[in-house]
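Chains as they are written, first to last, in this note's numbering: chain Y, 1460 to 1710; chain F, 204 to 493.
Keep in mind that the hints are not guaranteed to be accurate.
One side only, chain Y facing chain F, incomplete, derived with CB under 7 Å [claimed, not checked]:
| id | residue |
| --- | --- |
| 1 | 1512 |
| 2 | 1514 |
| 3 | 1539 |
| 4 | 1543 |
| 5 | 1544 |
| 6 | 1545 |
Pair ranges (Cβ atoms, derived) [unchecked claim]:
| id | chain 1 | residue 1 | chain 2 | residue 2 | range |
| --- | --- | --- | --- | --- | --- |
| 7 | F | 307 | Y | 1674 | 47 to 55 Å |
| 8 | Y | 1701 | F | 318 | 44 to 52 Å |
| 9 | Y | 1633 | F | 360 | 18 to 26 Å |
For the record, the hints were derived by calculation from the structure and aren't laboratory data.
Backbone N, C-alpha and C define an ideal beta-carbon position, used for all residues, glycine too.
Take a look at the letters that make up each chain.
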Amino acid sequence: MPALLTFRDVTLGYDRHPAVHHLSGDVGSGALLAVVGPNGAGKSTLFRGVVGVLKPLSGSISLSGLHVRDIAYLPQVAEIDRSFPISVFDFVGTGLWRVTGFFGGIGKGGREKIAQALAAVGLTGFENRTIGTLSGGQMQRMLFARVLLQDSPLIVLDEPFNAVDARTSADLLALCKRWHGEGRTVIAALHDMDLVRAHFPQTLLLAREPVAWGATSEVLTAENLLQARHMCEAFDERAAACAADSQPRAA
Amino acid sequence: MSVYAALVAPFTEFEFMRRALAATIALSLAGAPIGVFLMLRRMSLVGDAMAHAILPGAAIGFLLSGLNLFAMTTGGLIAGFTVAILAGLVSRTTGLKEDASLATFYLASLALGVSIVSIKGSNIDLLHVLFGNILAMDDQTLLVIAANATITLIVLAVIYRPLVIESVDPLFLRTVSRAGAPAHLLFLALVVINLVNGFQALGTLLAVGLMILPAGIARFWARDITGLICIAVISALISGYVGLVLSFQTRLPSGPAIILVAAGLYVASVLFGTVGGLLRQLFPGRHLEA
Chain Y
1460 MPALLTFRDV
1470 TLGYDRHPAV
1480 HHLSGDVGSG
1490 ALLAVVGPNG
1500 AGKSTLFRGV
1510 VGVLKPLSGS
1520 ISLSGLHVRD
1530 IAYLPQVAEI
1540 DRSFPISVFD
1550 FVGTGLWRVT
1560 GFFGGIGKGG
1570 REKIAQALAA
1580 VGLTGFENRT
1590 IGTLSGGQMQ
1600 RMLFARVLLQ
1610 DSPLIVLDEP
1620 FNAVDARTSA
1630 DLLALCKRWH
1640 GEGRTVIAAL
1650 HDMDLVRAHF
1660 PQTLLLAREP
1670 VAWGATSEVL
1680 TAENLLQARH
1690 MCEAFDERAA
1700 ACAADSQPRA
1710 A
Chain F
204 MSVYAALVAP
214 FTEFEFMRRA
224 LAATIALSLA
234 GAPIGVFLML
244 RRMSLVGDAM
254 AHAILPGAAI
264 GFLLSGLNLF
274 AMTTGGLIAG
284 FTVAILAGLV
294 SRTTGLKEDA
304 SLATFYLASL
314 ALGVSIVSIK
324 GSNIDLLHVL
334 FGNILAMDDQ
344 TLLVIAANAT
354 ITLIVLAVIY
364 RPLVIESVDP
374 LFLRTVSRAG
384 APAHLLFLAL
394 VVINLVNGFQ
404 ALGTLLAVGL
414 MILPAGIARF
424 WARDITGLIC
434 IAVISALISG
444 YVGLVLSFQT
454 RLPSGPAIIL
464 VAAGLYVASV
474 LFGTVGGLLR
484 QLFPGRHLEA
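The following block holds chain Y by itself, in its conformation from the complex:
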């Protein structure tokens, strides 16, 4: 499996404080990878780094054969202004940005694609509703429809099954598996360990520092999970500059 996404000693964070510390490794093309870890472990930060919203403090994240703006990203607390008067149809249609850009119209084919995406997430009949009238689960389905339209080889989902009911998460999980089947690379931050064990072949266990990364059954051991739980959440305000960067690599 050729690497689609490579982390080279990446440190991501805010105000020089690392939230993801010295992560190295790569994500193969077509992988279905779960990223797990306690709250504040740096999962969202890592994803923000992957999609280029956050610049690494050090190290680099590289993509092969893919532009950073072609990644389909479903953020956790979407910064969506739900009071904005836009219809579900138009909102999902923004997923066609790669095709339409600034001016391109959405023709008959585009409209059909939008209708199909809405049908795939079970939102047929919601086309003309404004986004403010959707429930939390319906909102999540709508965001999945947009990801579907983005038709991207790399899909990054930040806690996609939070606050959705069992049926919705089953439907959305089926979509993830469909994407995996289509050869796309899917990375998802998750908290439900049973779900990860059942459906995700690979897992990255993160607790600010990477704890383990590999086949799910080897990563999600009691020992590793305990280690992740002992992560210290607070930044140390007086922390010194990280020494790892200046150490000779040969050591």
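We have chain Y; now place chain F onto it with these hints.
Quick look at chain F alone, frame taken from chain Y:
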């Protein structure tokens, strides 16, 4: 007095009324859509702050070359752009919210302007700037207003899609395109252009009125953004026309008359609007089956 004499004759008989009407039409067409976006982005009062930022620029123009419209417009544009762009850049690059950074810059601009005026002395004619005079519109001014309105509509058409997406889901736009920042800054530039446009007709204090009030009115009649823009433009046009007639017949100053009519429409919309109007809320009708 016949209906014709009251409503049409002022415009057929007096050229200054025709110019004033043309100016309000141009202001309505360009300003109202901008106002809708200001409202949807929760920046309604930002327009007001920007108007304060423009005043010092116009004052400097006035001090340098007297009551010269071109100098005052240029000064206003420069001051407005400087404040808008600096505030926009600061809020985009730091965590500071846009309103907070704008407040800082417009206050600084206002303080600077007042200082300059006080050094130079005489400022009686500046009252013209404060309250505008749409009835004293000359050809040059009218052309400037029309040109600004045209530019506004063209630029708005160009940045419409990124601007809408940036307003709903800025993070998404950041991940798919670089268009967010330019669209945002161009939008702020359009706000400035339309405020400068408005201050020639309505004065700096009321310039923002023909932008924000129609947007507020539209919110009570339409649910989607296309409808909002159409209704905002129509209510701005009505306010402009009725305000001019009112001003002509009652000798009220034209700027306040126009804004008062818009305010009247706003009150009526709050009461009778089909989308969330008070009357609808009091008598919603029986609930539906599904």
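- Are there hints from earlier that the structure breaks, and if so, what are their numbers? 2 and 9
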